[in-house]
Amino acid sequence: MSEQDNISPFGPGRKEKLSEDKLMAYLEGKLTTAEQHDVEQWLAEDGMESDAMEGLQALQPEETKQAVGKLKHGLRKTLVGKKQKRRPLKTDYNTLIAIAVILFLAVIAWIVIRIAK
Amino acid sequence: MNSNLSDEELLRNYRADGDNQWLGYLLLRYTTLLFGVGMKYLKNKAQAEDAVQQVFMKVLTSIPKEEIHNFKGWLYILTRNHCLQQLRDKTYNADEAALNYLPATEPDKEDMRLHDHSLQQMEEAIAELNEQQRKAVVLFYLEKKSYEQIIAQTGYTFMQVKSFIQNGKRNLKTILLKKLGERRL
Numbered sequence: 001m002s003e004q005d006n007i008s009p010f011g012p013g014r015k016e017k018l019s020e021d022k023l024m025a026y027l028e029g030k031l032t033t034a035e036q037h038d039v040e041q042w043l044a045e046d047g048m049e050s051d052a053m054e055g056l057q058a059l060q061p062e063e064t065k066q067a068v069g070k071l072k073h074g075l076r077k078t079l080v081g082k083k084q085k086r087r088p089l090k091t092d093y094n095t096l097i098a099i100a101v102i103l104f105l106a107v108i109a110w111i112v113i114r115i116a117k
Numbered sequence: 001m002n003s004n005l006s007d008e009e010l011l012r013n014y015r016a017d018g019d020n021q022w023l024g025y026l027l028l029r030y031t032t033l034l035f036g037v038g039m040k041y042l043k044n045k046a047q048a049e050d051a052v053q054q055v056f057m058k059v060l061t062s063i064p065k066e067e068i069h070n071f072k073g074w075l076y077i078l079t080r081n082h083c084l085q086q087l088r089d090k091t092y093n094a095d096e097a098a099l100n101y102l103p104a105t106e107p108d109k110e111d112m113r114l115h116d117h118s119l120q121q122m123e124e125a126i127a128e129l130n131e132q133q134r135k136a137v138v139l140f141y142l143e144k145k146s147y148e149q150i151i152a153q154t155g156y157t158f159m160q161v162k163s164f165i166q167n168g169k170r171n172l173k174t175i176l177l178k179k180l181g182e183r184r185l
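Chains as they are written, first to last, in our numbering: chain A, 1 to 117; chain B, 1 to 185.
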């Protein structure tokens, strides 16, 4: 990287994805000065990261963690719920087989009793 | 691992088998950012949480059938519009269909052109900024200081630093483009 790339706000390579872990570490003040500076490059852009970092400044990191944890838990529950809703079809199918077998056995039993009489 | 799949791959998998789990992985990836966007516009934790939940449901139940070229950009605008819609008491009607046609992320052509500037042109452009913007831009980009350090050194607030850098950068771009244009004539 040239000296010019190094100082330019328009230089290449500043658009690496901002990971959630890095964002949380930033909010919790766990990054080195150089890493902080790296994350803060996003603040100078217009976009999701800039808006989000600005919004999250209003909360304590612990509050953010808690809220995000709750949202993720809710989303996972919704997704599992949607999957489980498909299962009754399988259960119904098994139940139908069980009912058919019982009916079949009942008919056999009735025939046997009739013959025995 | 799903965490290694790109947004495009996850979306392609969803299109292939219709399993919402793929959308779930995408939404989990952006939950913190979405919550932050909600906080920025709604300024209220409970309302931001509600907004994110509603965006989740919108994505899971009515993701457009048309191809989405830039999922992250699409999701961001969907969330921002949802928040603005709440703020404007449902009088704001965003054209969500238009969101599908957001271009995939690609280098800004103007930014690429700006890369042609010389150090001298950059210094001249910085000198034309107002004092607050100049100070913030120099400390952040040239001296590589963090916000924390800039705040300690200047006494600006976090939001002031953000605003001076953001506006300074925007003005710098305008000045440099003008200079580059002049030199070419």
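Take the hints with a grain of salt, since some may be wrong.
To be verified - Estimated spans, in silico, between C-beta atoms of each pair:
id : chain 1 : residue 1 : chain 2 : residue 2 : range
1  : A       : G29       : B       : L180      : 26 to 32 Å
2  : A       : R76       : B       : Q153      : 40 to 46 Å
3  : B       : Q132      : A       : E45       : 16 to 22 Å
4  : B       : R170      : A       : A34       : 30 to 36 Å
Said to hold, decoys possible - Simulated crosslink set (DSSO-like; lysine-lysine; CA at most 27 Å straight-line):
id : chain 1 : residue 1 : chain 2 : residue 2
5  : A       : K70       : B       : K43
6  : A       : K77       : B       : K65
7  : A       : K77       : B       : K58
8  : A       : K70       : B       : K173
9  : B       : K173      : A       : K30
10 : A       : K65       : B       : K40
11 : B       : K72       : A       : K117
12 : B       : K162      : A       : K30
13 : B       : K169      : B       : K179
14 : A       : K17       : B       : K179
To be verified - Residues from chain A that face chain B, not an exhaustive set, calculated with beta carbons under 10 Å:
id : residue
15 : E28
16 : L31
17 : K65
18 : D92
19 : A98
20 : I102
Treat the hints as calculated values from the structure; they're not laboratory data.
Every residue gets a Cβ at the ideal spot worked out from N, C-alpha and C, and that includes glycine.
Each hint, compared with the structure:
1. G29/A with L180/B: 26 to 32 Å: Hint violated: Cβ distance 39 Å, outside 26 to 32 Å.
2. R76/A with Q153/B: 40 to 46 Å: Check passed, 44 Å falls within 40 to 46 Å.
3. Q132/B with E45/A: 16 to 22 Å: Roughly 20 Å apart at Cβ, these two residues keep to the hinted range, so it holds.
4. R170/B with A34/A: 30 to 36 Å: 25 Å, violated
5. K70/A with K43/B: Distance of about 18 Å is within 27 Å: holds.
6. K77/A with K65/B: Given pair K77/A, K65/B holds - Cα atoms ~25 Å apart, limit 27 Å.
7. K77/A with K58/B: 16 Å, holds
8. K70/A with K173/B: 41 Å, violated
9. K173/B with K30/A: Measuring from Cα to Cα gives roughly 32 Å; hence the hint is violated.
10. K65/A with K40/B: Holds. K65/A to K40/B sits at ~16 Å (cutoff 27 Å).
11. K72/B with K117/A: At roughly 77 Å apart (the allowed maximum being 27 Å), K117/A and K72/B break the hint.
12. K162/B with K30/A: 20 Å, holds
13. K169/B with K179/B: Within the cut-off at roughly 15 Å; holds.
14. K17/A with K179/B: Given that 27 Å is the threshold and the Cα spacing comes to 31 Å, the pair is violated.
15. E28: 12 Å, violated
16. L31: 9 Å, holds
17. K65: 9 Å, holds
18. D92: 21 Å, violated
19. A98: At 30 Å from the nearest chain B Cβ, A98/A fails the 10 Å test, so the hint is violated.
20. I102: 36 Å, violated
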